[in-house]
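There are 2 protein chains.
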Amino acid sequence: MLTFWQDYPEIQEKLEKVQALMAARLKINNEDIQNALQRFTSRGGKMVRPALFFLFAGLVENEKVDEKKLTKIAASLEMLHSATLIHDDIIDDSPLRRGLPSIESQFGKDVAVYTGDFVYTIYFELLIETMNGTEFLSRNAKSMKKILQGELTQMQSAFNKENTARRYMKAISGKTAELLSLSCLEGAYFAGGDRQLQRSARKIGRSIGLAFQVYDDILNFTVGLDEADKPILTDFRQGIYTLPLLLAKEADEAAIMPYLEAPEQLSRDECLQFAALVTDLGGITGSLMIAATLTELALAEIRKLPQSRNREILEEATQILLQRNY
Amino acid sequence: MLTFWQDYPEIQEKLEKVQALMAARLKINNEDIQNALQRFTSRGGKMVRPALFFLFAGLVENEKVDEKKLTKIAASLEMLHSATLIHDDIIDDSPLRRGLPSIESQFGKDVAVYTGDFVYTIYFELLIETMNGTEFLSRNAKSMKKILQGELTQMQSAFNKENTARRYMKAISGKTAELLSLSCLEGAYFAGGDRQLQRSARKIGRSIGLAFQVYDDILNFTVGLDEADKPILTDFRQGIYTLPLLLAKEADEAAIMPYLEAPEQLSRDECLQFAALVTDLGGITGSLMIAATLTELALAEIRKLPQSRNREILEEATQILLQRNY
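The listed protein sequences derive, respectively, from chains A and B. According to this note's numbering, the first sequence holds residues 1 to 326 in order. According to this note's numbering, the second sequence holds residues 1 to 326 in order.
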């Protein structure tokens, strides 16, 4: 659990408090759903959003900071993320999430709809307890709206052969970058950081978010291709046309287009051929370059912040978060 | 449109402003969904929640009241209701809603999930714009939670032969009464009513809500039985066991039980037989008595309020709202 942060015991400890708070809040009048929700949140993945929140909060020297309040706000970010994941799994019919059966596959779409709604409610409760009377309530509402619009944009461009790298960047800007940006901003703000730090936090969060999603989308083209028993190119086969293939399409539209007619019907071999084609046409290299550029943008901005041990930690953590194996 | 309130031009006019505001807020980056949402909300049914809100606001003499703010709050109540309806239709696979195709049947469950989420977001925006810094934000979050728990309770008791009248009342208390109660309370509060009026408003709203739902559930057993081309007993056939049949079951369990084995497989004739059985066993009469008692409770409480023209309107409106043809 949370082994990702084991080299940063301070962050890890705070994230464990977030998990405990989430478990305490996810009380619902159905034991099965409650257990599933608590398992779901206790796996927690890397808890990227709360982690970024605390990394930025750590940049502020403030002895009067209310740690319990920070824990609640960090939990609110993870709750919002969890609610969108639970609803996403309905759309994708995903059997698994974080290595466990998704709420939808365990309990069906009906329960998943209400369970996601329920998690949204806990998210609002946490916001109201910590931000009532501040402008951050409406910032949260705006972010939630952007995230949903990003999801809708992605859903509408599904199987759309006319999708472009530009539209892709817009969709992931809402879908992923918005919430990571908010996480960094809230960390800076609620720890008492000044305007300048808040501005930098938003900017850095946005770059990290974009890079994070591009790397994620590259992985969908490169990982597990030689494991015969696992489904491959899952996003592509659901009509989600991401950066690697969009860049390859820009390089040689005639070669790519035939695969976009009915990706869900392609055989495993055809998928492998397609992945090789995307690679040959520079789709992977191009995406890696874009992700690396976005990472560098984030790191350059981080290095502009006042020198401190916590800034170094943020710099390292950003590199680790965005360093994956290809 | 809104013909239900045509004898109350003051209420009707306010409700039209609510509709206009809702239409203005439901802007989304997909024209089809936006149009569907706007059609959905412009039908508006009776707009029971905003109407109750204004009926209670009307009880307060307050010249400084901010009408625009009241319009926004009334819209927030209808938005919350709409969001739950959109998600309910996913669960019920309802082809129609308010005489129009449901969002789910027009666009599929995927779009319906996000569209409902989107409407929740607009609801929060409206709350934040009007109640930031007040205790009503957390009251709203609590109500939303109760509504969801009510829905979940109902879903879990689907096809449950052990369901009881008591559990039924608990489920509708969350599912329907909670939001009607909140609507009355917010009307009293935001128009500047005192504690006593607020307490009465909550109580009256709760009784109206319970009566409203019981009447609605009676209708499912009595209306359209002679129209051969329409589906009948739709709730029952989806395993939603409501008051009429639960009372009939208390009267003669052995007679009712066989029908509860697999209601979705019953033929039209068997459904008609079942409806007749429920009536013969006093399920309809009993439910009507309970609904009438709840209505009387509401009216008695209304009559305790200080005498005024607007109190008379509230009394009449309550009777009209709860007066249906059986």
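These are calculated hints, taken from the structure and not from any lab test. It is possible that some hints are incorrect.
One copy or two, either will do: identical chains are not told apart, so a pair holds if it fits within one copy or between any two.
As the list claims (entries may be wrong) - Here are the simulated lysine-lysine pairs, DSS-like style, with alpha carbons at most 27 Å apart:
{"#": "1", "residue 1": "68", "residue 2": "170"}
{"#": "2", "residue 1": "68", "residue 2": "161"}
{"#": "3", "residue 1": "170", "residue 2": "27"}
{"#": "4", "residue 1": "27", "residue 2": "69"}
{"#": "5", "residue 1": "146", "residue 2": "230"}
Evaluated hints:
no.: 1; hint: 68 - 170; in the structure: neither (35 Å within a copy, 35 Å between copies)
no.: 2; hint: 68 - 161; in the structure: neither (48 Å within a copy, 46 Å between copies)
no.: 3; hint: 170 - 27; in the structure: between (36 Å within a copy, 18 Å between copies)
no.: 4; hint: 27 - 69; in the structure: within (20 Å within a copy, 34 Å between copies)
no.: 5; hint: 146 - 230; in the structure: neither (33 Å within a copy, 41 Å between copies)
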